[in-house]
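Chemist: These are the residues of each chain, in order.
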Amino acid sequence: MQPIVSVRDLSKTYGNGHHALKEVSLDIARGEILALLGPNGAGKTTLISVICGIVNASSGSVSVAGHDNVRDYRATRGMIGLVPQELTLGAFDTVWNTVKFSRGLFGKQPDPAYLERLLRDLSLWDRKGSMLMTLSGGMKRRVLIAKALSHEPNVLFLDEPTAGVDVELRRDMWALVRRLRESGVTIILTTHYIEEAEAIADRVGVISDGRLLLVENKLELMHKLGSKQITVELETALAGVPGALADWSLQLSEDGTRLSYSYDPHTADARIQELLCAISAAGLVMKDLKTTQSSLEEIFVRLVKEPS
Amino acid sequence: MNTHAVRVIYKFEMMRAWETLLQSFVSPVLSTSLYFVVFGAAIGGRIEQVQGVSYGAFIVPGLVMLALLTQSISNASFGIFFPRFTGTIYEILSAPISSFEILLGYVGAAATKSLIIGVIILVTAGFFVPLEIMHPVWMAGFLVLTCVSFSLFGFIIGLWADNFEKLQLIPLLVITPLVFLGGSFYSIHMLPPAWQTVTLFNPVVYLISGFRWSFFEVSDVSVGLSLLMVLVFLTACLLVVWWMFKTGYRLKQ
Ligand SMILES: Nc1ncnc2c1ncn2[C@@H]1O[C@H](COP(=O)(O)OP(=O)(O)OP(=O)(O)O)[C@@H](O)[C@H]1O
Ligand SMILES: [Mg+2]
Numbered sequence: 001m002q003p004i005v006s007v008r009d010l011s012k013t014y015g016n017g018h019h020a021l022k023e024v025s026l027d028i029a030r031g032e033i034l035a036l037l038g039p040n041g042a043g044k045t046t047l048i049s050v051i052c053g054i055v056n057a058s059s060g061s062v063s064v065a066g067h068d069n070v071r072d073y074r075a076t077r078g079m080i081g082l083v084p085q086e087l088t089l090g091a092f093d094t095v096w097n098t099v100k101f102s103r104g105l106f107g108k109q110p111d112p113a114y115l116e117r118l119l120r121d122l123s124l125w126d127r128k129g130s131m132l133m134t135l136s137g138g139m140k141r142r143v144l145i146a147k148a149l150s151h152e153p154n155v156l157f158l159d160e161p162t163a164g165v166d167v168e169l170r171r172d173m174w175a176l177v178r179r180l181r182e183s184g185v186t187i188i189l190t191t192h193y194i195e196e197a198e199a200i201a202d203r204v205g206v207i208s209d210g211r212l213l214l215v216e217n218k219l220e221l222m223h224k225l226g227s228k229q230i231t232v233e234l235e236t237a238l239a240g241v242p243g244a245l246a247d248w249s250l251q252l253s254e255d256g257t258r259l260s261y262s263y264d265p266h267t268a269d270a271r272i273q274e275l276l277c278a279i280s281a282a283g284l285v286m287k288d289l290k291t292t293q294s295s296l297e298e299i300f301v302r303l304v305k306e307p308s
Numbered sequence: 309m310n311t312h313a314v315r316v317i318y319k320f321e322m323m324r325a326w327e328t329l330l331q332s333f334v335s336p337v338l339s340t341s342l343y344f345v346v347f348g349a350a351i352g353g354r355i356e357q358v359q360g361v362s363y364g365a366f367i368v369p370g371l372v373m374l375a376l377l378t379q380s381i382s383n384a385s386f387g388i389f390f391p392r393f394t395g396t397i398y399e400i401l402s403a404p405i406s407s408f409e410i411l412l413g414y415v416g417a418a419a420t421k422s423l424i425i426g427v428i429i430l431v432t433a434g435f436f437v438p439l440e441i442m443h444p445v446w447m448a449g450f451l452v453l454t455c456v457s458f459s460l461f462g463f464i465i466g467l468w469a470d471n472f473e474k475l476q477l478i479p480l481l482v483i484t485p486l487v488f489l490g491g492s493f494y495s496i497h498m499l500p501p502a503w504q505t506v507t508l509f510n511p512v513v514y515l516i517s518g519f520r521w522s523f524f525e526v527s528d529v530s531v532g533l534s535l536l537m538v539l540v541f542l543t544a545c546l547l548v549v550w551w552m553f554k555t556g557y558r559l560k561q
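In the order they appear, the protein sequences are chains G and L.
Counting from 1, position 223 in the first sequence corresponds to residue 223 in this note's numbering; the numbering is continuous, with no gaps.
If you count the second sequence from 1, you need to add 308 to reach this note's numbering.
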């Protein structure tokens, strides 16, 4: 199936010479929830901004449902809703007016019934007459979401929707995201929270220093993450893995003193006992033993640390 | 054409004026009345007539122009500067809307507001002195052209300024002196010959002269030249705005 958003070799150099995006390519499938993870300054907001038309790309291209986002900007922008990272809202407008404004701006006929449903959905209906500046941060975040959804977009970008949001509102947001997905909206969200990606995303992308390091199905990623490792420290250094242990696909550390074995603890045939016997049988003397379990966090940190 | 978008921007900008009614409409009227009292009554008593027109009436076109210029510029510059300043511009930039439609919304609203103010001032002036407009069509033409071109100019300033100081800078340091030295309160023929020549480099002179001609048929320069200068200014502003949008100047990184 044709991806709804397709990013090709996208690079962005800001006016001050900063390389915020480096040859990013990414396909986003229709109806999926994609979480973009990455440390501060990784380029998440820049990527979203280029796709939405707020920042010009230096090179590369973006298409949305087959339309180029520069040449055919009306078509692409009309399909996209954006919830920005910062709480950027006017001060002197009311909730109702600002949502109505957004819908008009995106070229849609007024539809008070739809907007009412939207505000009710976001628990904003009783505040519809409130001035924006009188709202709390969490409410403002909801208003921004309402504005982004006011024109019934097919693709929704949420730039750190749960930053500075309490636990309850976070659960609400996740529920909303799932509901939207069920109604066919494709959702791309950025986050610093790995639990968040785990909780709601179908796929996870990791960005660091302007590069997209990986995009993977969450379940596959979790599977990888679920694996454990047992590391055996040896009395004497080895030059290579002994032939008797060749079947085990062990890894030898550079200095030759540690052998590691990865396994999936969820399967019954972890064969730890067997492995240890085999090591003894091969005439190796074990000095120490440890097991580790990699978390998404670890993988994340590892990915982000070593420039690939 | 995304007419919904133009409409909501226009409406939003007009609403801003209604909500700050005092500042938007009452204050220019008040300050014009003050000018009128001070210049018309105090000084006018001594000058009596300029080029066959009573001094009180003579300054009306200049006063209207003064208000139009400052109001057009401040309305339009503030209108686009503020969303840039607060960050809400992201929504305009991400919307399916062309540069022309953005202009239509913002500049259209700013021009409308100053047009309303101009008319209110004219009417107010009518209470102080008998006003006769000999060429109403020319008068309306100058009124509209001035509103539009200076709203465009204000839009440019609103894009160019990256802080509140700069936003005030041009109106304060350039426009106000040009208007005061542009023959709002006197005919440039009243100046020494050398200064008359210098004044001809002031574009506002042409504006005020042409506008005054449409009232009293007296002018410092020919009315055709006045019209030409306004159109040149309008075109120049359009070109600058076109360039700004094309390059994303101060709008898009
Ligand atoms: N307008 C700009 N001019 C110059 N550099 C910029 C600009 N905007 C962002 N940058 C730089 O580009 C890099 C990427 O910024 P970006 O906002 O995309 O990161 P991010 O992944 O969204 O970070 P965060 O998690 O903190 O929101 C950063 O180093 C930032 O300093
Ligand atoms: Mg960001």
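Source of the hints: derived by calculation from the structure; they are not laboratory data.
Possibly wrong hints are sitting among the right ones.
If you want a taste of the chain L side facing chain G, the calculated C-beta under 8 angstroms gives, among others [what the hints assert, rightly or not]:
hint, residue
1, Ser402
2, Thr505
3, Thr507
Derived pair list, reagent style EDC-like, types lysine to aspartate or glutamate, alpha-carbon separation capped at 20 angstroms [what the hints assert, rightly or not]:
hint, chain 1, residue 1, chain 2, residue 2
4, G, Lys305, G, Asp288
5, G, Lys287, G, Asp264
6, L, Lys554, G, Asp68
7, L, Lys560, L, Glu440
8, G, Lys228, G, Asp209
9, L, Lys554, G, Asp72
10, G, Lys228, G, Asp264
11, G, Lys128, L, Glu327
12, G, Lys228, G, Asp288
13, G, Lys228, G, Asp202
14, L, Lys319, G, Asp111
15, G, Lys305, G, Glu86
16, G, Lys287, G, Asp209
17, G, Lys305, G, Glu274
18, L, Lys560, G, Glu254
19, G, Lys218, G, Asp264
20, L, Lys560, G, Asp72
21, G, Lys140, G, Asp172
22, G, Lys108, G, Glu152
23, G, Lys140, G, Asp209
24, L, Lys560, G, Asp111
Cβ atoms here follow ideal geometry from the backbone N, Cα and C, with glycine treated the same way.
Chemist: Take the hints in turn and mark each one as holding or not.
Modeler: Against the structure, the hints come out as follows:
no., hint, result
1, Ser402, "holds (4 angstroms)"
2, Thr505, "violated (43 angstroms)"
3, Thr507, "violated (41 angstroms)"
4, G:Lys305 x G:Asp288, "violated (28 angstroms)"
5, G:Lys287 x G:Asp264, "violated (24 angstroms)"
6, L:Lys554 x G:Asp68, "holds (18 angstroms)"
7, L:Lys560 x L:Glu440, "violated (49 angstroms)"
8, G:Lys228 x G:Asp209, "violated (29 angstroms)"
9, L:Lys554 x G:Asp72, "holds (16 angstroms)"
10, G:Lys228 x G:Asp264, "holds (6 angstroms)"
11, G:Lys128 x L:Glu327, "holds (18 angstroms)"
12, G:Lys228 x G:Asp288, "holds (17 angstroms)"
13, G:Lys228 x G:Asp202, "violated (23 angstroms)"
14, L:Lys319 x G:Asp111, "holds (17 angstroms)"
15, G:Lys305 x G:Glu86, "violated (27 angstroms)"
16, G:Lys287 x G:Asp209, "violated (40 angstroms)"
17, G:Lys305 x G:Glu274, "violated (35 angstroms)"
18, L:Lys560 x G:Glu254, "violated (50 angstroms)"
19, G:Lys218 x G:Asp264, "holds (17 angstroms)"
20, L:Lys560 x G:Asp72, "holds (18 angstroms)"
21, G:Lys140 x G:Asp172, "holds (14 angstroms)"
22, G:Lys108 x G:Glu152, "holds (9 angstroms)"
23, G:Lys140 x G:Asp209, "violated (30 angstroms)"
24, L:Lys560 x G:Asp111, "violated (31 angstroms)"
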